[in-house]
Amino acid sequence: MTFDRRRQLTTIAGQCGSIFVTLFGLLILTFVIGRIMPTDPVRAIVGEDATREVYENVYRQLGLDRPVWEQFFMYLRDVVTLDFGTSIRTGQPVLQDIIHVLPATIELATFAIIVGAGVGIPLGVLAAVHKDRWQDHVIRVFSLMGHSMPIFWTGMIALLVFYAGLGWVGGSGRMSQFYIGLVPERTNFLLIDSALAGEWDVFFSALNHIILPASLLGYSSSAYITRMTRSFMLDQINQEYITTARVKGLSQRQTIWRHAFGNIRVQLVTIVALAYGALLEGAVLIETVFAWPGFGQYLTSNLLIGDMNAVMTCVLIVGVIFIALNILSDLLYRIFDPRTR
Amino acid sequence: MTDATPGPKARPARLQSLTALRNIMVFLFKTPTSAFAMVVLAILVLVALFAPWVATHNPYMQDLQNTLSPPSGAHYFGTDELGRDIFSRLVYGTRITLTIIFLVTITVGPLGLIVGAVAGYRGGKTDIVLMRVTDIFLSFPSLILSLAFVAALGPSLNNAIIAISLTAWPPIARLARAETLTFRKADYIAAARLQGASTTRILWKSIMPMCLPSVVIRLTLNMATVILTAAGLGFLGLGAQPPMPEWGAMIATGRRFMIDSWWLVTFPGVAILTVSLAFNLLGDGLRDALDPKQMMKR
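Residue numbers (my numbering), protein chains in the order written: chain P, 1 to 341; chain W, 1 to 298.
Derived from the structure by calculation, the hints contain no laboratory data.
The beta carbon of each residue, even a glycine, is placed where N, CA and C say it ideally should be.
Please note that the accuracy of each hint is not assured.
[As the list claims (entries may be wrong)] Dumping the calculated SDA-like pairs for lysine to any residue here, alpha-carbon to alpha-carbon at most 25 Å:
hint, chain 1, residue 1, chain 2, residue 2
1, W, K30, P, L234
2, W, K30, P, F142
3, W, K30, P, I327
4, P, K131, W, F29
5, W, K30, P, S231
6, W, K125, P, Q8
7, W, K125, P, I327
8, W, K30, P, F20
9, P, K131, W, N23
10, W, K185, W, L111
11, W, K125, P, K131
12, P, K131, W, R218
13, W, K30, P, D136
14, W, K125, P, L9
15, W, K125, P, F24
16, P, K131, W, I202
17, W, K30, P, D132
18, P, K131, W, L111
19, W, K30, W, V40
20, P, K131, W, D288
21, P, K131, W, R287
22, P, K131, W, I24
23, W, K125, P, E199
24, W, K30, P, L126
25, P, K131, W, A35
26, P, K131, W, K30
[Stated by the list, open to error] Facing chain W, from chain P, some residues (calculated, C-beta under 10 Å):
hint, residue
27, L159
28, L160
29, A164
30, L166
31, V169
32, A278
[Said to hold, decoys possible] Cβ pair distances, simulated, as ranges:
hint, chain 1, residue 1, chain 2, residue 2, range
33, W, V39, P, T110, 36 to 42 Å
34, W, F183, P, N263, 27 to 33 Å
35, W, R95, P, F24, 40 to 46 Å
36, P, T243, W, R122, 43 to 49 Å
All chains should be built: construct the whole structure from the sequences, respecting the hints.
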């Protein structure tokens, strides 16, 4: 028992160590990317017509006259104290900006992952059960299609058809222009805020606006979920306990959903957690198309004007979210799977 | 895979690999989805090669009398806001797409293969360091990291290719390492070492060829992602710059006229979708074709 406990502690310590190293590497990477850029960070702040004196002042203020390693430690210190500098575009501290825009993206991504898992998992099970028959082929093409579409383009076409053409859903943005500013900002999750305030008109407007981008994002992530569900299920279906269950006279539904599916739930949780991280990538593009005031739009609009402080912080935060999701999926696996205890 | 039992006269290795290749091709053409993919990709290559003959107009030539005209006999896919023929632009765009894929693949393949094989074969500290670096790159979604690189290097097609390559090698390295680990203790490696072969020679002659099949599949599957990332960068204005007929950039400029002139964004999007779907289907088929369980069924 004590031996087990000690071994557990060593693994945890080892993992913490590797997480630490990865985080450190992440910082080196963002630092290096921030330094190789051709745009002059000083010019970006002082503008084109600044005098030489002003220029050199800012140059020193930014610490650009010090050796590289010293600059890196300054960067490290800033990050540890959560001081990411000020965004040139908005004039606000970058961290504050990001905290402000992140909920919109999380709302979108969460909605999307519900769609993705809701579509992907049943399709994956269906494909496994009907392996090599037409259902399997149709599902394969359907899900690969989701994986192959350029999401910014699908977003535009969907807007054209469902908003401009049919008028089934709201257009771009998080809600109709009409409602902006009506709901007090508490959590910045619009669906939650409007429900809390009892503004049901706003709530439905928000729902109307989120449904299209979230469904598209969800569809694109469902490809991965479908494929993994299918292969997990195939592993289970070929095992003897499934034959036993069938021999016992259980119905197909019970065999598949109770027995086989019950055994892959743990693996699925980790897959969904990883897919959630991958959604952030699609979010960058889809937010641009749908004028969704979230993290992705913040990143791209700063990118285009060369606001490197903001861009590097965004990249760093995405990296941290990714690492956190990896740890989370690992943790969930440990909690739910009795064999890893 | 092929006729494994050595006959009285062993067949030359070159012939054997040719047979294996033929078997894979036969398998691919028997599956409807991969057959479709092969046809699409063959068309893509042909169109790119013979672009001047396939295109009906000069892709850069403006015709301001004839802007935003819908698809017709004269302009199969209509014209854009400067009166350029969209069909011809798409045709020339295949060259850009194939260039991106080609350059990324020849950078990423060898790089990933070398890093993975060295890490797997040397083990120990080399392995830890190389895999840590790989993990750091893997901890970003590829588009975000490419965005950061392009932002730093400045937007252009070449920089987009560099950025995509920088983000696409880690999965290949992981794969090559995993493959290497499975046979680094094999007898034939030990034999090579006993004969006095250097580490470089063992890596080059004995290990890397063994990793090649799975790396090739992975690269094929990767091509779809490369196309989508390149198009995404083009769309955000960070990849190919106008007036280049890059498909993602065409969608970005067509976006302003989308409501009245649907053909501006529709056709480039269909082109991207078709090509990336073809690569995904082909990768899927290749995976099945090289899977020993599937080979039995033949």
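We went through each hint and held it up to the structure:
no., hint, verdict
1, W/K30 - P/L234, "holds, 23 Å"
2, W/K30 - P/F142, "holds, 20 Å"
3, W/K30 - P/I327, "violated, 42 Å"
4, P/K131 - W/F29, "holds, 20 Å"
5, W/K30 - P/S231, "holds, 22 Å"
6, W/K125 - P/Q8, "holds, 23 Å"
7, W/K125 - P/I327, "holds, 24 Å"
8, W/K30 - P/F20, "violated, 50 Å"
9, P/K131 - W/N23, "holds, 23 Å"
10, W/K185 - W/L111, "holds, 23 Å"
11, W/K125 - P/K131, "violated, 44 Å"
12, P/K131 - W/R218, "holds, 23 Å"
13, W/K30 - P/D136, "holds, 16 Å"
14, W/K125 - P/L9, "holds, 23 Å"
15, W/K125 - P/F24, "holds, 18 Å"
16, P/K131 - W/I202, "violated, 41 Å"
17, W/K30 - P/D132, "holds, 14 Å"
18, P/K131 - W/L111, "violated, 37 Å"
19, W/K30 - W/V40, "holds, 16 Å"
20, P/K131 - W/D288, "holds, 13 Å"
21, P/K131 - W/R287, "holds, 16 Å"
22, P/K131 - W/I24, "holds, 21 Å"
23, W/K125 - P/E199, "violated, 60 Å"
24, W/K30 - P/L126, "holds, 24 Å"
25, P/K131 - W/A35, "holds, 20 Å"
26, P/K131 - W/K30, "holds, 17 Å"
27, L159, "holds, 8 Å"
28, L160, "holds, 6 Å"
29, A164, "holds, 6 Å"
30, L166, "violated, 14 Å"
31, V169, "violated, 16 Å"
32, A278, "holds, 6 Å"
33, W/V39 - P/T110: 36 to 42 Å, "holds, 40 Å"
34, W/F183 - P/N263: 27 to 33 Å, "holds, 32 Å"
35, W/R95 - P/F24: 40 to 46 Å, "holds, 42 Å"
36, P/T243 - W/R122: 43 to 49 Å, "holds, 45 Å"
Checked against the numbered hints listed earlier, the structure breaks hints 3, 8, 11, 16, 18, 23, 30, 31; every other hint is satisfied.
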